[in-house]
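> Let the hints inform the model, and build the full structure from the sequences given.
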Amino acid sequence: MKIISSNFKKGEAKVKIETLDDLWYLSQVIDAGDVVKGKTLRKIKVGSTEKEAVRKSVFIALKVEKVEFSKTTARLRILGTILEGPEDVQKGSHHTFNVEEGTIITILKEEWPAYQVKRLKEAAEARALKILICVFDREDAFFALMKRAGYELLANIHGEVAKKGADAPVKSTFYAEIIKQLEEYDVRYKLDKIILASPAFWKEELLKVLQNQDLKSKIIQATCSSADESAISEVLKRGEVQKALKQEQVSEEMVLVEKVLAEISKQGNAAYGMKEVEEAVTAGAVQDLLVTDALIMKLREEDKFEKLDKLMKLADKSKAKVHIISIEHSGGKKLDGLGGIAALLRFKLAY
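Under the numbering used here, read the sequence shown as residues -2 to 348, first letter to last.
Honestly, the hints are just simulated from the structure, not real lab data.
Keep in mind that this is a model prediction, so the values were computed, not measured.
Just so you know, not all the hints are guaranteed correct.
Label-pair ranges, simulated between beta-carbon atoms [said to hold, decoys possible]: (1) E107 with E255: 27 to 37 Å; (2) K318 with T170: 45 to 55 Å; (3) T93 with G270: 30 to 40 Å; (4) L38 with K295: 24 to 34 Å; (5) E181 with E81: 28 to 38 Å; (6) K40 with K295: 29 to 39 Å; (7) G236 with D211: 24 to 34 Å; (8) Q208 with K304: 22 to 32 Å; (9) G281 with A152: 46 to 56 Å; (10) K40 with S315: 40 to 50 Å; (11) R74 with E149: 15 to 25 Å; (12) K205 with L38: 53 to 63 Å; (13) E298 with K205: 11 to 21 Å; (14) F344 with V184: 23 to 33 Å.
A virtual CB, placed ideally from N, CA and C, is assigned to each residue, including glycine.
Here it is, written out as structure tokens:
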């Protein structure tokens, strides 16, 4: 995302959408009650009947009523009523902004919470690293591409090994197949890093036969307990991966969720569920507030977001860090299982 201009103290930010990931970020910062300005297509009557109308590009200001984001279609829709526009556009009528790559909009708010400014700057300042994860053993290999809001599973290939016990050698053709797949993805996605993970010593064995030095220079080794899709989430939590993923939100989010779960398991400094978290925020006890994007979207769709919105802004004003957690990874799914909201506390409360 490109921030063309901004004055957050005056409540203004003009942005250009450059990637599909930007749409997810925008869905987290545009709220009901905001005003969005930009060019949009609008059906304009040119005669006395509905059939006599043309679609034309117009510049309007829209009072936001609802924001809809679809992960499957990667489409962002901003619904609301028209505040300003040309003479042939009726003020007060409903309209929908369809936001896509290349769209330029100005967002106006009465106040920009710090966590929303952070989200916008995250999208603008850091190019997402292109990171491939490969988890494998002597029989299977899984390839996944990291996204800002999770990961995309690309392929699963199977090797052929003799069943002679755990130490049976991997056929060289399977290593060659894995390397070929890595090289293809490196060219296709212009990878920055490759996380190569396996149980036992399989990764070291593969590196012995890897001749491509450019590819080898991008590899970070990690250990996992199995070679299936669940191992991808396991790898993201490991300490040796943190350094490579310092620009990636996913790993940070998963670590935060694990901290919450650890505190809950020992009845420590954590709260979860709307009631407990609301009490903790009101008491000024929250250090980190975690909310899933799914909960935000659900409450928006049900027109029940106002309570959560006020809670997040109150936490922000009390110097808590507010984190919007994607449910595209296992950490987000675990948090969703806790009601979609939890908090790490500065001090323990008696419930």
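> Next step is simple, just say for each hint if it's right about the structure.
Here's how the hints hold up against the structure:
{"no.": "1", "hint": "E107 with E255: 27 to 37 Å", "result": "holds (36 Å)"}
{"no.": "2", "hint": "K318 with T170: 45 to 55 Å", "result": "holds (49 Å)"}
{"no.": "3", "hint": "T93 with G270: 30 to 40 Å", "result": "holds (34 Å)"}
{"no.": "4", "hint": "L38 with K295: 24 to 34 Å", "result": "holds (29 Å)"}
{"no.": "5", "hint": "E181 with E81: 28 to 38 Å", "result": "violated (50 Å)"}
{"no.": "6", "hint": "K40 with K295: 29 to 39 Å", "result": "holds (31 Å)"}
{"no.": "7", "hint": "G236 with D211: 24 to 34 Å", "result": "holds (26 Å)"}
{"no.": "8", "hint": "Q208 with K304: 22 to 32 Å", "result": "violated (59 Å)"}
{"no.": "9", "hint": "G281 with A152: 46 to 56 Å", "result": "holds (49 Å)"}
{"no.": "10", "hint": "K40 with S315: 40 to 50 Å", "result": "holds (46 Å)"}
{"no.": "11", "hint": "R74 with E149: 15 to 25 Å", "result": "holds (23 Å)"}
{"no.": "12", "hint": "K205 with L38: 53 to 63 Å", "result": "holds (58 Å)"}
{"no.": "13", "hint": "E298 with K205: 11 to 21 Å", "result": "violated (53 Å)"}
{"no.": "14", "hint": "F344 with V184: 23 to 33 Å", "result": "violated (53 Å)"}
The structure is inconsistent with the numbered hints 5, 8, 13 and 14, although it conforms to all the rest.
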